[in-house]
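Anchor point for the sequence shown: position 312 equals 312 in UniProt numbering, and the numbering is continuous, going up by one each time.
One or more hints might be untrue.
[To be verified] Think about it this way: if two alpha-carbon atoms lie no more than 35 Å apart in a straight line, the pair counts; the simulated DSBU-like pairs of lysine-lysine are: (1) K122 with K85; (2) K370 with K280; (3) K280 with K300; (4) K280 with K85; (5) K170 with K280.
Hints listed in this document are in silico derivations from the structure and should not be mistaken for laboratory results.
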Amino acid sequence: MSMSTSKARIDELVLLRAMAFLAIVLQHCIGEFIYRPETLPHDGIMLGMLFHFTRFGTPTFIFISGLLFFYNYYHSLNYGSFIRKRVMDIYVPFVIWTIVYFTLSQGVLWFIQGESWLLFLKELFIPSNAYHLWFIVMIFQFYLLFPMFRGIVRFGQRLWERHGAEMAGKAALNTMIVFGVLFLGYLYLSYDIFPRIHASTDQGWLQWLIEHRMLYFISHAFYFVSGAVIALYLSQWRDLVRKSSAWNPFIFALLYVWMGYRLLSHSTDTMNLYVSTYLKPSTFLLIVSQMLIMYGMSLKLAETRSLLQRLFRWIGTYSFGGFLAHPLAIWALAPLTRPDRWVGNHLGVTALFYIGVLALSLGLSYGVSKLPFGSWIMGPTGAKRALRPAKGTSQPVQDAPVTLS
Numbered sequence: 001m002s003m004s005t006s007k008a009r010i011d012e013l014v015l016l017r018a019m020a021f022l023a024i025v026l027q028h029c030i031g032e033f034i035y036r037p038e039t040l041p042h043d044g045i046m047l048g049m050l051f052h053f054t055r056f057g058t059p060t061f062i063f064i065s066g067l068l069f070f071y072n073y074y075h076s077l078n079y080g081s082f083i084r085k086r087v088m089d090i091y092v093p094f095v096i097w098t099i100v101y102f103t104l105s106q107g108v109l110w111f112i113q114g115e116s117w118l119l120f121l122k123e124l125f126i127p128s129n130a131y132h133l134w135f136i137v138m139i140f141q142f143y144l145l146f147p148m149f150r151g152i153v154r155f156g157q158r159l160w161e162r163h164g165a166e167m168a169g170k171a172a173l174n175t176m177i178v179f180g181v182l183f184l185g186y187l188y189l190s191y192d193i194f195p196r197i198h199a200s201t202d203q204g205w206l207q208w209l210i211e212h213r214m215l216y217f218i219s220h221a222f223y224f225v226s227g228a229v230i231a232l233y234l235s236q237w238r239d240l241v242r243k244s245s246a247w248n249p250f251i252f253a254l255l256y257v258w259m260g261y262r263l264l265s266h267s268t269d270t271m272n273l274y275v276s277t278y279l280k281p282s283t284f285l286l287i288v289s290q291m292l293i294m295y296g297m298s299l300k301l302a303e304t305r306s307l308l309q310r311l312f313r314w315i316g317t318y319s320f321g322g323f324l325a326h327p328l329a330i331w332a333l334a335p336l337t338r339p340d341r342w343v344g345n346h347l348g349v350t351a352l353f354y355i356g357v358l359a360l361s362l363g364l365s366y367g368v369s370k371l372p373f374g375s376w377i378m379g380p381t382g383a384k385r386a387l388r389p390a391k392g393t394s395q396p397v398q399d400a401p402v403t404l405s
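Input sequences plus hints: build the corresponding full structure.
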């Protein structure tokens, strides 16, 4: 089949989006505590081990973006309208929040200093004052290049369909396995070879390219393309996710233990979280295993009408604004956690801090989104994008303005 039309609504995605958001906020809350000099080794080790449960967060946002874009724009694409909507829904909030975080860093009068404007313009391309906004710069590259990805996948689908409708999904899966192996090769170069080149070369432009490789779409391409392919074979993907529950948890456990061992073996007084960077092959394998598990959990949760399902749906609806605002919440709440009386209890303090950051960031997202121009600040919410069949068609009308919402 060329496109899943059996459901007008992909119920599990808003729940998966909520899980990814919760993971990325936890990751940054851990980062707030794990490098503090007063954090004792036992707390640091536990925070480092907990950190590995957050690795699926950002790649899952990219995956969801690829899936929804191909689910909606595979057959018909007005590129001009597509990009204009991305600019208004994503880039305008990105600029506003860049101003917010730049002001926190430089002071409220930065705009009267000429050199500050140059620094600000740099933030729009290489964010540094807000550690999470690099994601917007990276994901926007996928939006700009979407026609290229769309053409490649359409070409691939024509090849897969030659095997017949029943075998097309398996052919697509085999293609993605091959692409995953190639992506592993790229990650090996990025993690092991590129740093050596950076240390040995005196070419400034080459050092710059290597230093900023996390910003390039190619460093995250597998997640976007896999989402695109799954959009074409959604029912087969769901079947694979359900079947993977029989074997994938064992793979996850092995990878988790190995990642923990490598983290501890490369850490001294503090945990060296760079060992678990997205650009590392073993981290990629852990992420893929985690994504299978989390997608399976979202499928099961989507089948219920429980309070937990409604909570996750609400979180997923306002997750993009929460993503933009959560470092502000961390900045506001962190001073409350710095007294010496918390020494030896940073694991528990991190848990309480995490709850506070979630409440504040999601509260800001919900409250500001209700203002007349709230979407310019927090982006559009999932509540405004109900999935309904278009009039006279069997294809769903669904928009995916950003990977987080």
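Hint check:
no.	hint	result
1	K122 with K85	holds (24 Å)
2	K370 with K280	violated (41 Å)
3	K280 with K300	holds (30 Å)
4	K280 with K85	holds (34 Å)
5	K170 with K280	holds (27 Å)
In this structure, only the earlier hint numbered 2 is contradicted, and the remaining ones agree with it.
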